[in-house]
Amino acid sequence: MPDEGAYPLPAPDAMRARPAARAMGLAIGSAFVADGAGVVLLAVADARSRSGASGSYLLFWAGLALIFAPSAGVLLLSRCTRQTRLGVALGFGLALYLAKVVYEPTAFTFHDEFAHYRNAANLLSSGQLFGYNPLIRATGYYPGLAVATDAMAHLTGLSAYTCGLILIGCARLVLVGALFLLVDELLGSSRAAGVAVLVYAAGPNFLYWDAQYGYESLALPLAVLTVFFLARRNGRPPSTQAVLCSLAVALAVVATHHITAWVLAALLLAWAVAVWLRNSRSRSRAGSGSRSRFRRNADGTSAGAGAAAEFVPKLPASVTTGAAVAWLFVVAPITIGYLSPVVTRAAVQGFQLVVEFHTSRTLFANTGQAATAPEWERVAAIAGTLAILVSLPLALYRSRRSGLPAIAKLLAWSSLGWVALLPLRFTAGGQETANRSSEFLYLGIALCFGLLLEPFLDASRWRRMLALCLVALLFVGGISVSWNYAQRLAPDYRLTNGSAAVTPDDQALARWMLATLGPGHRIATDNQTGLALGSIGRQDVLSSAEDGSRIWSIFYPPTVTGDVLAELRRSAVQYVVVQRDVLDLPTGVTRFDDSEPALYYDSALSGASLAKFDTSPVFREIYAAGSLRVYQVADSAGGQ
Amino acid sequence: MTARRLMTAREHAFAASCSAVAIASSSVICASSAGLLKQIAGLVLISAFACAVWFIRRDRFDAIVPAAGLTLSFLILAGLALAAGHVLSAIPVALALAFVTLAAVWFGASSPAPRLAGRGSWFKRPKLNALAAAGVLIFAVAAVLAVHYSAASATTDADGASSIAIWAYPSGDRLHVGVAQPAGHRAASVRIVVTHAGATVATWDNIRLAPGQTWEAPALTASGPGPVQVLALHDGIVVASVSSQ
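Respectively, the protein sequence lines represent chains U and W.
Count along the first sequence from 1, add 24, and you get the number used in my numbering.
Count along the second sequence from 1, add 120, and you get the number used in my numbering.
Treat the hints as calculated values from the structure; they're not laboratory data.
Fair warning: there could be bad hints in the mix.
As the list claims (entries may be wrong) - Straight-line C-alpha distance at most 25 Å; calculated SDA-like pairs for lysine to any residue:
| # | chain 1 | residue 1 | chain 2 | residue 2 |
| --- | --- | --- | --- | --- |
| 1 | U | 636 | W | 336 |
| 2 | U | 636 | W | 254 |
| 3 | U | 636 | W | 351 |
| 4 | U | 636 | U | 610 |
| 5 | U | 338 | U | 378 |
| 6 | U | 636 | W | 324 |
| 7 | U | 636 | W | 345 |
| 8 | U | 636 | W | 314 |
| 9 | U | 338 | U | 413 |
| 10 | U | 636 | U | 621 |
| 11 | U | 338 | U | 363 |
| 12 | U | 636 | U | 545 |
| 13 | U | 338 | U | 358 |
| 14 | U | 636 | W | 284 |
| 15 | U | 636 | W | 347 |
Kindly produce the complete structure, drawing on both the sequences and the hints.
Next comes the structure, spelled out in structure tokens:
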């Protein structure tokens, strides 16, 4: 018997396996090299867009094609191992995350990122949980992201920004990996898992929204991981270790994001109830002597009257639900007031759509604006949507016949929620709800496509190519609706209107205010400047949703009226920051606050409305840079 | 038999290195206040924790995914517990992470890995395919270069789009005046003039502002009625100003 450890002799099988291993190595290596090249192209596209050079749009799509095509080729066309597929899927997910990083690699620039940065900054500076956040107050009561960021920042000495990038990057790897492993476990096919990853990445929120520094970007991967810990093929029970891990991860989800925690709790509860019902029915069938009836499972094992009962996730469901409910009512009751207007608006406009056929939004455009996306992108998005609508019934029919565990069926049927919410995209108020639910519902859609396309991948080359084309269509369609066309590439700040984006001048002012005046001053300003001041500057900017202030009544009057002074007093305003570019905003778009009445934003803003601060003795100009002016409110106005 | 012994030796070596790395990096974090060493030690400690968790299910390569998820969850839950006790700082986090890393290593070493001897064992065959490894390496290098290039380009463009800032804010009866030149602009010489009720109260000539430089005047006494105006002039042209009634 030769000593394996000393001089292992290759067996004939091993010798035959070498070319195959080399081919696999080449496949995975090529996919990673293409991912890298794709990220470089995306970086160049964003850089050219920032400097106003041409060709950025083509480079953007070329970069995405380089990331998608080789990875999809390995995942769908090749006969590689499970580990190879997992590796390629992780590289694919990470490369798409880097697409967001190279968009703006020096600072957080997406709306919600400012709010979450404020939470991390609050905690870093004060050490207190649940600090005041004027940008989105409810986020402060779900501090999972902030504490993880701060723990890492304390541990490494890196900035909150860098720690945030690393955390969300790790979360992206967990999301892709957990989804792959979950589908692989449930469907028993790493090919189906590869399909699921590609289809999930085709979701409209994968490229940018769930790559941003936000609580959902961290919570959603952990929720998928929780389900993976518990889900087993044929419904067999997980180990005690796995259940304990799922509990720990579920608790982390509860402390991180409200909706993800509720969705996870609802899914676990539905799973427990469904399996309990199924097990009860099996027991009653067994009792009535129907032992002769058997069903065939996907892997050939029998299930039915004589089969072992499926695992009921009672403990994870009750702990997650209890923790989510307790957190909501004890720690974060403010969440109800934060989310209810969004849901109510969606429900009302959805009702109007159904009853009166009244649409309030143009597809492929921001509310109140015309569509700007190229024609081919719109066609791809609609074709992708139709492909999903056609495929889902087929996949659900297949899921009914394949003897899947209850959690797989639940996830598959949850995809119908996406179909049900689709009409809301025609409404201004419901668009957000439809769009934001897709990152959850796409889990079901991804599983459905895995289930549907898996047999194709074992068939002839042209059928595999057909599957690849279908997934590519979904991906292109998803990217087309991922982000507003005009904002899909990094902005050129020299051309950007200061009222439409947070500019370098806003950031410089925010840093100056924090260093010179200190944090926590009450400031009236416009939406975008407020984001910089409320996060980087740690100032308490006025917000109607968070503190009931009526900022518009300070800015719109052409002279300093009694109403202006009354609002300054009522909201205890210490500084007014004027962004003169607000004058260039079109009518129909809110200028100073999202709650601004239409009476104001539907009419033009006069230059006198902003110039009044220069001539009134109530205000003292203390800072000027570009189109920004900062005015200190005199004590006599009662603002301080 | 030898293979099994060799495998066990690898496991022991892995567990011992994981523990040593955790202890060493947590010591560095506790001893140093900031800098590159602390950054590396912090990242290494977090990675050691992830490896220790993965070590529990070392029979499966894909256990790296749940290990990463559990590391994120630990950062959230431990961070939450420490923040609730108002002790969220470097030393408690480092000690907690090192302690749990050692516990995970100990637990992993004491629990058998069920499929370790099986064909799918990754721990048994840590040899990577050279082509795949080269691909991963090229991806990593390309990603770093892309992010670095993008950061440099974003910084240059943001600096170029920034404006010169001027301020004059009162603090008690003192007036603080300053000017900041954005990093993307060329060096310039400016003249700062402060007037109070129409009379010039201070002038600074030929102030050289390098790109990204801030200049602040000594605090002025500016009490009494009348408007205050501060002008920054370059070649006789006003480039920035603040004024109050």
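Worksheet item: Can you list which hints this structure breaks, lowest number first?
Response: Structure breaks hints 1, 2, 5, 6, 9, 11 and 13.
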